[in-house]
Amino acid sequence: MSAGKYGSGPEAFPSTRWSLVAQAGLEDSQARREALQQLLERYVPALRAHLVQQKRLPAEKADDLVQEFVTGKILEKDLIARADQRLGKLRTFLLTALDRFVKNQLRDERAKKRAPTDGAILSFDDRYGGLPGGQQPSQIFDVAWAHGVIGEALDQMRQECEVSDRLEVWGVFECRVVKPILEGAEPVDYDQLVARFGFRSPTQASNILTTAKRMYARALRAAVGQYAESQQEIESELRELREILAQSGTGQRKGRKT
Amino acid sequence: MNDHDAFPSDPHSLSQMMDLGLEDTDLWDRKELGAMLKHQLAAPVLDDLGHSEKHLAEQLEAADPPIRSFQDLLHHTHPPVEALDMTKRFAKACRKHPDSPLPDEIATVLYFLSIAAALIKCGRRITRMDDQALKHSLEWALRQRWVDPASRELLREGREAI
Numbered sequence: 001m002s003a004g005k006y007g008s009g010p011e012a013f014p015s016t017r018w019s020l021v022a023q024a025g026l027e028d029s030q031a032r033r034e035a036l037q038q039l040l041e042r043y044v045p046a047l048r049a050h051l052v053q054q055k056r057l058p059a060e061k062a063d064d065l066v067q068e069f070v071t072g073k074i075l076e077k078d079l080i081a082r083a084d085q086r087l088g089k090l091r092t093f094l095l096t097a098l099d100r101f102v103k104n105q106l107r108d109e110r111a112k113k114r115a116p117t118d119g120a121i122l123s124f125d126d127r128y129g130g131l132p133g134g135q136q137p138s139q140i141f142d143v144a145w146a147h148g149v150i151g152e153a154l155d156q157m158r159q160e161c162e163v164s165d166r167l168e169v170w171g172v173f174e175c176r177v178v179k180p181i182l183e184g185a186e187p188v189d190y191d192q193l194v195a196r197f198g199f200r201s202p203t204q205a206s207n208i209l210t211t212a213k214r215m216y217a218r219a220l221r222a223a224v225g226q227y228a229e230s231q232q233e234i235e236s237e238l239r240e241l242r243e244i245l246a247q248s249g250t251g252q253r254k255g256r257k258t
Numbered sequence: 001m002n003d004h005d006a007f008p009s010d011p012h013s014l015s016q017m018m019d020l021g022l023e024d025t026d027l028w029d030r031k032e033l034g035a036m037l038k039h040q041l042a043a044p045v046l047d048d049l050g051h052s053e054k055h056l057a058e059q060l061e062a063a064d065p066p067i068r069s070f071q072d073l074l075h076h077t078h079p080p081v082e083a084l085d086m087t088k089r090f091a092k093a094c095r096k097h098p099d100s101p102l103p104d105e106i107a108t109v110l111y112f113l114s115i116a117a118a119l120i121k122c123g124r125r126i127t128r129m130d131d132q133a134l135k136h137s138l139e140w141a142l143r144q145r146w147v148d149p150a151s152r153e154l155l156r157e158g159r160e161a162i
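Line order of the protein sequences matches chains A and B. Taken in order, the first sequence gives residues 1 to 258; the numbers are from the working numbering. Taken in order, the second sequence gives residues 1 to 162; the numbers are from the working numbering.
Hints should not be assumed to be uniformly reliable.
Some, not all, of what chain A presents toward chain B, calculated at C-beta under 10 Å [claimed, not checked]:
| no. | residue |
| --- | --- |
| 1 | Val52 |
| 2 | Gly72 |
| 3 | Leu75 |
| 4 | Leu79 |
| 5 | Leu106 |
| 6 | Val143 |
| 7 | Ala146 |
| 8 | Leu182 |
| 9 | Glu183 |
| 10 | Phe197 |
| 11 | Gln204 |
| 12 | Ser248 |
Using C-beta positions, here's what the derived DEER-type ranges look like [unchecked claim]:
| no. | chain 1 | residue 1 | chain 2 | residue 2 | range |
| --- | --- | --- | --- | --- | --- |
| 13 | A | Gln232 | B | Met129 | 32 to 42 Å |
| 14 | B | Asp104 | A | Glu68 | 32 to 42 Å |
| 15 | A | Thr210 | B | Asp64 | 29 to 39 Å |
| 16 | A | Arg239 | B | His136 | 37 to 47 Å |
Treat the hints as calculated values from the structure; they're not laboratory data. Owing to the predicted nature of the structure, the values given are computational and were not obtained by experimental measurement. Beta carbons are placed, not taken as given, at the ideal position from N, Cα and C, and that holds for glycine.
Modelling step: build the complete structure from the supplied sequences, incorporating the hints.
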């Protein structure tokens, strides 16, 4: 797996919809483990954000618990394979499973210590108060998850451009769309774009930008397709993530033209 | 482990990135229209029209001086009227097609520039618009502040020739 600016992703851009989760159901335990590990690496920060920002656990404790959850529960005990009828809602399933796992872990720790109950542990289930901007309990997790989906899509798109020797497509998309949106940079204006990439006409420049946007849209669906089962579920998941992001409170700034 | 800190996590930015995958958005800012028209006029005619008429290359090469760009064509003293008519049809197709790579404003100005050039330089009317409608349309094009002076002059002459 190669590390990219926006994260890391699979070496090859999938030409058709495929599902790492479906691969996770394969009999080959090594292939299943690798597929799941690849998928989960992308979304570990969402699990971690949920425990730190929402459940108010110390960062180190959250890291340990997420690591134990991924390795012990998901990878070793095949939690996803045993719950395959729910794969369409993997995001929700993982969140619920993580909460249950953490609750049990903390309870076991208390029992082992034979100590009076610790406030931080006792209130694990009830620490939903005080979330920023009136966010719903799972919103921090979902926003971090969306971050993972977008990072995966950007990495896949960049890799596809590299593999197909179409770096100008990524270049235009990056300086016209990605950097302005994600880094607050000024979009490179039309004249500079033409000078930088040597476009012969507006038709050519527009075609490249249109191609880039379509490629990104496809990569976004492929990223969700790694854990959703059908086209319908992919579209549903994208709509849901979009609604979550729109409702997350800080999305009040005026958008920039892309 | 992934480099997840490489871009921000604010929901507003992420929402915009998510929208890109779900909705069509405008490709260009309106303030870029002047640069785009200039670039379109400097573009090789054959790049946009070459596929539609096999004799076009010969016609453009036979002109004196030879015609390379749309600007050469529109400002030529004796442009081939067929090439102007093809330019008009190309622009019209761009205006009508929902996935056209050319912004509607650029296609519309190119459309009326080709009509004005044919009217002035070839003495030919390549549109079925009546005088009033054509005059009204040329005046619309003249009101676009991003249109360059040479094109503006062509539109003005066209309006006066009606």
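Right, here's what the structure says about each hint:
| no. | hint | result |
| --- | --- | --- |
| 1 | Val52 | violated, 13 Å |
| 2 | Gly72 | violated, 18 Å |
| 3 | Leu75 | violated, 15 Å |
| 4 | Leu79 | violated, 21 Å |
| 5 | Leu106 | violated, 25 Å |
| 6 | Val143 | holds, 5 Å |
| 7 | Ala146 | holds, 5 Å |
| 8 | Leu182 | holds, 4 Å |
| 9 | Glu183 | holds, 7 Å |
| 10 | Phe197 | violated, 12 Å |
| 11 | Gln204 | holds, 7 Å |
| 12 | Ser248 | holds, 3 Å |
| 13 | A:Gln232 <-> B:Met129: 32 to 42 Å | violated, 48 Å |
| 14 | B:Asp104 <-> A:Glu68: 32 to 42 Å | violated, 58 Å |
| 15 | A:Thr210 <-> B:Asp64: 29 to 39 Å | holds, 38 Å |
| 16 | A:Arg239 <-> B:His136: 37 to 47 Å | holds, 44 Å |
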